[in-house]
Amino acid sequence: MKQLARNFLCAALALAAFLAAAALIHAWLPPAIPKGVAAKLEFFTQHKDEFDTVIIGTSRLYYSISPELFDRTTREEGISTRTFNFGIDAMHPPENFYVLEQILKTKPRNLKWVVLEMGDIQTKWDAILGTQRAVYWHDWPRTVSTLKKALNPRGGAPWYIRASRLWLARRDLASNLTLFGKQFANAGRAADFFPDAARERMSEAASELGPHGDGYRLAGDPMTPERAAIFQKKLAQEVAEPRQKILDPATESAYRQAAAKIRQIGATPLFVVTPVTSQIAVRFAQTPPPAPLLSFNDFKKYPELYDTKVRIDDGHLTNEGAREFTRLLAHEFARHARQP
Amino acid sequence: MLFVEFRFFWFFLAVFAVYWSLRRNNSRKLWLLVCSYFFYAAWNWKFLFLIMASSALDYFVGTMLSRTDDPRARRGWLILSLCANLGAIAFFKYYNFFVISAAALLEWLGLPASLHTLNIVIPVGVSFYTFHSMSYTIDVYRRKLRPVSSILDLACFIGFFPQMVAGPIVRAFAFLPQLRTLRVFGDVDVRGALILFLTGFIKKACIADAVAPYVDRYFEAPGNFTAASAWVGVLFYAIQIYCDFSGYTDMAIASAGLLGYELPINFRFPYFAQNISDFWHHWHISLSSWLRDYLYIPLGGNRGPRWFVYRNIMITMLLGGLWHGGAWTFVIWGGLHGLALIVHRQWSRRRDVLPDVRDMQKHAPPRGPQSIGGWLAWLLTIYWVCVAWIFFRAVDLPHAFPAWRSFVLLQSPGTQDLGTWMLWIVAALGLVHWMNSRGVFSKWWRRVPAPVFAAGYGCAFAVVLLFIPPHYAPFIYFQF
Chain A
1 MKQLARNFLC
11 AALALAAFLA
21 AAALIHAWLP
31 PAIPKGVAAK
41 LEFFTQHKDE
51 FDTVIIGTSR
61 LYYSISPELF
71 DRTTREEGIS
81 TRTFNFGIDA
91 MHPPENFYVL
101 EQILKTKPRN
111 LKWVVLEMGD
121 IQTKWDAILG
131 TQRAVYWHDW
141 PRTVSTLKKA
151 LNPRGGAPWY
161 IRASRLWLAR
171 RDLASNLTLF
181 GKQFANAGRA
191 ADFFPDAARE
201 RMSEAASELG
211 PHGDGYRLAG
221 DPMTPERAAI
231 FQKKLAQEVA
241 EPRQKILDPA
251 TESAYRQAAA
261 KIRQIGATPL
271 FVVTPVTSQI
281 AVRFAQTPPP
291 APLLSFNDFK
301 KYPELYDTKV
311 RIDDGHLTNE
321 GAREFTRLLA
331 HEFARHARQP
Chain B
1 MLFVEFRFFW
11 FFLAVFAVYW
21 SLRRNNSRKL
31 WLLVCSYFFY
41 AAWNWKFLFL
51 IMASSALDYF
61 VGTMLSRTDD
71 PRARRGWLIL
81 SLCANLGAIA
91 FFKYYNFFVI
101 SAAALLEWLG
111 LPASLHTLNI
121 VIPVGVSFYT
131 FHSMSYTIDV
141 YRRKLRPVSS
151 ILDLACFIGF
161 FPQMVAGPIV
171 RAFAFLPQLR
181 TLRVFGDVDV
191 RGALILFLTG
201 FIKKACIADA
211 VAPYVDRYFE
221 APGNFTAASA
231 WVGVLFYAIQ
241 IYCDFSGYTD
251 MAIASAGLLG
261 YELPINFRFP
271 YFAQNISDFW
281 HHWHISLSSW
291 LRDYLYIPLG
301 GNRGPRWFVY
311 RNIMITMLLG
321 GLWHGGAWTF
331 VIWGGLHGLA
341 LIVHRQWSRR
351 RDVLPDVRDM
361 QKHAPPRGPQ
371 SIGGWLAWLL
381 TIYWVCVAWI
391 FFRAVDLPHA
401 FPAWRSFVLL
411 QSPGTQDLGT
421 WMLWIVAALG
431 LVHWMNSRGV
441 FSKWWRRVPA
451 PVFAAGYGCA
461 FAVVLLFIPP
471 HYAPFIYFQF
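Chains A and B, in that order, are what the protein sequence lines are.
Read in this note's numbering, the first sequence has 310 at position 310, and its numbers run on one by one without any break.
Read in this note's numbering, the second sequence has 463 at position 463, and its numbers run on one by one without any break.
Mixed in with the good hints, there may be bad ones.
[Claimed, not checked] Derived coverage of chain A by chain B (criterion: at least 3 residues anywhere in the stretch with Cβ under 8 Å from a Cβ of chain B; other residues may be distant):
hint : segment
1    : 8-15
2    : 82-90
3    : 176-189
In case anyone wonders, no lab produced these hints; they're calculated from the structure.
Positions of the beta carbon are idealized from the N, C-alpha and C atoms, including for glycine.
So that you can see chain B by itself, here it is in the shape it has in the complex (with noise of 0.2 Å):
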C-alpha cells in the first residue's frame, strides 16, 4: 500500500477515525499497531513475524539490559541485539552479494569457486525498521534512555506505518516519550499537515512519477543516448530521487502528524547546498545522523590525527552506500560521497572553518549562493552529487560507465535523444523549488478561514489528481 493509492486514504480514514474516538492511550496505541501491521501485511504478511520477532527480541534486550550493571553482560545483550538486526540485514540484502563478489574473487584468484545464491525476497523497509530498533536497544545501552516498561511502546515505535518502510529513521529517545502520553487533537496542526501531505503527494506522483519513465529508457541503455541526453536522464534522476523520497518523507511526516505524533524533518533543500558536507546535513538527515551517532563518533569521529579521521569518513560512506543495497554501485556512490567530504574537509582545514558535525539537525536552509565563489561552489556541488547519482542509479557497473562518460566527458556513440527541451522542465522545476525555499508559498494559507481553507484544499487536490500518472512506480526507497 502506497500513501499516493487511493487504498490508502480509505485506510488513513478508518485509522484516524477509530484512533481519534479511542479515549484511552493503550487503545490507540493498539488500534495503531493493529493497522500498522495490516498496512506492512498488504505487501506480504509472512514477513510480518520479523518485525514482531525483532521488537519482541528488542524489548527483551532493553529489559535485560537494565536488570545488569555488569559491563561484559550488557555488552553481550547488546551484542546479541546487534547481531540479530544486523543478521537480518545481511541475510535478506547481502547475502547474494557477498556470495557473488566472493566468487568473483576467487575466480579471479583462480581458486575453484562454487557457491550458490539464493532467490531472496528482501523485506520491504528492512533496514529502516531495523536502524529504528537498533536505536532503541543502543541508546538503552549508553543508558540515554529508559527501556519501555511495556512491549505495546516498542512494537509501536518500531511498526508504526508512517515512517516503518522508508523511514525517517526515528530515535528511539525522540519517539518513545510521544507515546507515553495521549495525545490531544487540539494540538495536531491539521492545516500544515494536510499541505505536507499535498505537498508530498504533488512531490511523488506529479513529478517523480513523471520523469521516471524518461530517466528508466535513459538508464536502460545509456550507451545508445547522446550525451545532451544525459544530462537530460542524469538530472531527470536528481529530481525524481528527492521527489520520490522526500515526497514520501512528507506524507510520512504529515501522517504521523495527524495522528499527534512528530516525525523529524528528513530533508531542507539540499540541492542548495554549496559544499558537499552540507549537502549531507540537508539530504536523509535522518539517516546522516544516524550513521554520525552510531558509527562515525564510535569509530572515533573527529578525534585523532588527519588520516584517522578521514578513515572514519570514508569506512561511514561506504557503509553508508552499502546500506543502500547489495551492489558495488552503491558501494561506488558512498565512496564519491566520502571523498568529496575528506576534500571539503581538507579545503575547509586550509581556510581554517571546519564543519561541524554535531549540529545537522539544527540546519536552516541552506542559503543559496550569494556570489560568484558561491555560485561556482554550488554548480561544483550539485555537479559532483549528480556524478555520484549515476552511480546510484545505474542497473550495474557496465551501464554505469558510459552513463558517466557521456555525462562528465561529454563524449557518448549513441544517437537517440531524449529531448534537450527538457533541461527547461529541470530549470523550471528548479526555480519553483528556489521559490519554495525562499518562503514565496509558505503560511498565506494559515491566514485564510478555516472554511476557505477546506474549500479551496479539495478543489486542489480534484486539480492534482488531473496530473498523476495511470500507475505508480513504487517509492525508490521501498528497495532499500
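If we strip away everything but chain A, and leave its shape as in the complex, we get (with noise of 0.2 Å):
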C-alpha cells in the first residue's frame, strides 16, 4: 500500500513538473500565431494607431471589403474612417475571437469600430488537422467554447440528450482537446526559431497584406454558366423558402464576449451577415443583442449581390460584386455609427 502511495506521488510529480514546465515555456514562448496571420498582425500591429476601423472575418470579407473604397464611401456619408481588412482564410468561430483579442492586445488607441462576421462556431477541423493553424488559437477559452457546441449544437438540449451527444461528438471533443493539448504543450514550437520559418513569414506578408498593404485581396473570376444555373437553383431554392435561426449557446455566448471586450477598449462592435446563399435570418436568443447585426444574405433587399456576373460561388464575390457589397456595408455602417 505504501509503495502504491509512493507511485502515485511519482506520477503526480511527473504529470505536475510536465504541467508546470509546459506552462513556463508556454508563458515565455511568443503565441504562435500562423503564417498568414502573422503577417496581417505584425503589420496592424506596426501601424495600430493609424487605424480606427477594423474588418474581421472569412475569406467572404477579406476578398469582399475594399478598404479604400470603404473609407470613401464612409466620407461620403460623413463619417471618416482610416480601415483594416483583417480578413484571413477559412477564419470562422472561435479562431476569429482569439485573433480578435490578439488585435485587442496591441491597444490601439484609436480603434472604434470593430465589425466582425457571423457565423457558427465551428468543431471540425479535419481539413487543417496536422497544421499550426489548427494548433495556435486552441487556448482554453476557445477550446471550451467548441466542447459546449460539440455537446449541445443547436441549444435547449437537457442534461441526458447532451450526455448522449458525448458518444456522437467523441471525435470532435477528442480533436479539439488534443488541439488544446498541442497548444498548452508547445508541440512543435522550436520550428518557429529556425531561419526558414521567419523567412517564409516575411514572403507571405507581401501576398497576404494585398495590393494596397490593407488587409484587402482582390478576388477571382465570376463562375461558370454551369455553375452559375446551379446557383440560381440553389438559390431560388432558399429564397422559396425563408428560414430563422437562432444562435446556439456556445456561439451566443461567445459573440457576447467578443461584444464586451470591444467595448472594454472603447470601441463599438458591430456584426455582419455575408451576402452567402443560404437565407437564413440569424437572431440572437436573448435580447438585447450584443451589437447591431447587418445581414446581407436576402436577396430580396440586396438583388445586386446575387447577380451571377458579381459572384464566384456560394460564398464569395468577384472584385465587382466586392465593389458593391463594400458600398453597401459602408452605408449601412454608416447609417449605424451617425445614430447615438
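Take each chain as given, in its own frame, and dock them per the hints.
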C-alpha cells in the first residue's frame, strides 16, 4: 500500500512537473501565430494607431471589403474612417475570437469600430488538422466553446441528450482536446525559431496584405455558366423557403463576450452576415443583441449581390461584386455610426 | 493510432490503469486483447477479422498438431497454416506485384497479356502478425512448443498491441510463457521503460520526422539534385529509417515493459558494424533471426558445398527484401545485401574467420572501429548499406538509378541543392549516437531519487514536445 502511494505520488509529481514546465515555456514563448495571420498581425501592431476600423472575418470579407473604397464611401456619408481588413481565409469562429483578442491586446488607441463576421462556432478541423493553423488559437476559452458547441449544437438540450452526445461528438471532443493539449504543451514550437520560418513569414506578408497594404486582396473570376445555373437553382430554393435561426448558446455567448471586450477598449462592435446563398435570418436568443447585426444574406433586399456576374461561388464575390458589397456595407455602417 | 500521438497517451493510460487493477491473469489478458483490437480498429476495424481468423486457424492447427503423431497429417496441418498465413500476405501485399510483373514478362515475350490489378488496401502489420502466428505453428510442429490450451493466450500473443503492427517479431516460445504467469508490478523496470519510451519518442518524432521532408523532396526527383544533395538525401534516409523503426521498437518494448512483458531487442547500433554480417546481427534482429530459423536453416543453412550455402544466403535475402513489399526495388535491396553477405563470407573464409549465424541474439553492440583497417571496413559497410537504402527508398527503379548514379558515381545533371551544410547534422547525430553506444548517457538516471527522476522526466517531456513536427509521418514499417 505504501509502495502504491509512492508510485502515485511520483506519477503526480511527473505530471505536475510536465504541466509546470509546459506552462513556463508557454508563458515565455510568444504566441504561435501561423504565417498568414502573423503577417497581418505584425503589420497591424506596427500601424495600430493609424486605423480606427477593423474588419475581421473569413475570406468572405477578406476578398470582398476594400478598405480604400469603404473609407471613401463613409467619407461621402460624412463619417471619417481609416479601415484595415483583417480577413483571413477560413477564419471561422472561434479562431476569429482569438485573433480579435490578439488585436485588442495591441491596445490600438484610435480604434472605434470592429466589424466582426457572424458565423457558427466550428468543431471540425479535418481540413487543417496537423497544421499550426488548427493549434495556435486552441487556448482554454476557445476550446471550451468548441466543446460546448459539440455537446449542445442547437441549444436547449436537456442534460440526458447532452450526455448522449458524449458518444456522438466523441471525435470532435477528442480532436479539440488534443489540439488544446498541443497548444498548451507547445508542440513543435521550436520550428518557429528556425531561419526558414522567419523567411517564409516575410514572403507571406506581401501577399497577405494585398496590393494596397490594407489587408484586402482582389478576388477571382465569375462562375462558369454551368455553376451559375446550379447557383441560381439553389438560390431559388433558399428564397422560396426563408428560414430563421436562433444562435446556439455557445456561439451566442462567444459573440457576447467578444462584444464586451471590444467595448472595454472603447470601440463599438458591429456584426455582419455576408451575402451567402443561404437565406437564413440569424438572431440572438436573448435580447437585446450584443451589437447591431447587419445581414446581407437577403436576396430580396440586396439582389445586386446575387447576380451571377458578380459571384464566384456560394460565398464569394468577384471584384465588381466586392465593390458593390463594400459600398453597401459602408452605407449601413455609416447609418449605424450616425446613431447615438 | 501512433505511439507518438496524443491519443495514444490517453489510450495507454487507460490500458495501464485497468490492467494493473485487475487481479486475475485471465481478466488481464482479456483486457489486453480488447485493447489491442481497439488499437488496431482505430486504423481499420474491418481487418480485425483477418487477425481473428488467423488466430483461430492457428489455434485449431496447434490443437490438431498436438493430437496426432502421424508425420503426414502433421505436415498437412502445418501446410494448411502456412498456406493460409502466407496466402493472406501474398494476396494483400503481392497480388498486384505479381500481376504487373507477369504482364511485363508476357509483353516482353511478345505474348498478349490482359491481366487485371486490384485496388487492394494492405492491412497494417500483416507481415508482422502473420509471422508471429506462423512462428507458433512451426514451433508446435517442430515440438519445440506445447500448443496453448486457451485461444485467449494465442490471440493475445498475435494481437498484443505494442508489437502487432510493426514488430519486433516476437517468437511464440518467448512470449507465450509470459502470458501464462501473472505479472507483478514490482518486477517492472518502470524507469528503464520510461527512458526507453522517451528515447524512442525523440528518435521518431524529433529526428526521423524532422529529416523526412528533405528525404521526400530528394527521392521525389533525384535527377534534379546535385551529387552533394544525393549524399544529404541518402544519409538522411539512413538516419530516418533507423530512427523511425528503432524509435518505434523502443516505444513498443517500453509499452510492453510497463505492462510487465518483455519483447526482444531489435536494434543494437547497427551503423557501427564493421562488416555486413555484423550489420545484420544488429539490424532488425527479430526479422533476421526469424528468417534464419524458419527459412535459411530449413533451406540447408551453412551445411553443404560453398555454392549451396551462397544460394541459401541469396534466397533468404531476396525473400527478406520481398517481405518488405511487392516491388523490385525491395528485391534489389535484398539482393545487394545477399551479395555483400556472400562476398564477406568468402573473404572471411580466406581469413579463416567464418561468421556464426547462430548467435545473433547474443551479440553485444558493435565495438566500433579500433584500427585503420577497422575504419576502412566500417566505411565500406556503411557505404554499401547506404547504396542499398537508395533502392529501398526509391519510388521505383527509374527513380532509383539517378540517385544511385549521383551517390556512387558523383554524377548528376541536377542543379537543385538540399544544403550541403546538412551533412554537419549527420555528423552531429552520428557523434551523439556513438556517445550513446559507449554508454555516456546510460544508467546515471537510475541513481537519482524517485521524486527527482519523476520531476525531471516530466520536464524533459515538456522540452521534447517543443521539437516535434506539426504532423507525424506514419511509421515507415507500418506499410510492410
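Verification of the hints:
| no. | hint | in the structure |
| --- | --- | --- |
| 1 | 8-15 | holds (count 6) |
| 2 | 82-90 | violated (count 0) |
| 3 | 176-189 | holds (count 8) |
When each numbered hint is compared with the structure, a violation occurs for hint 2 only.
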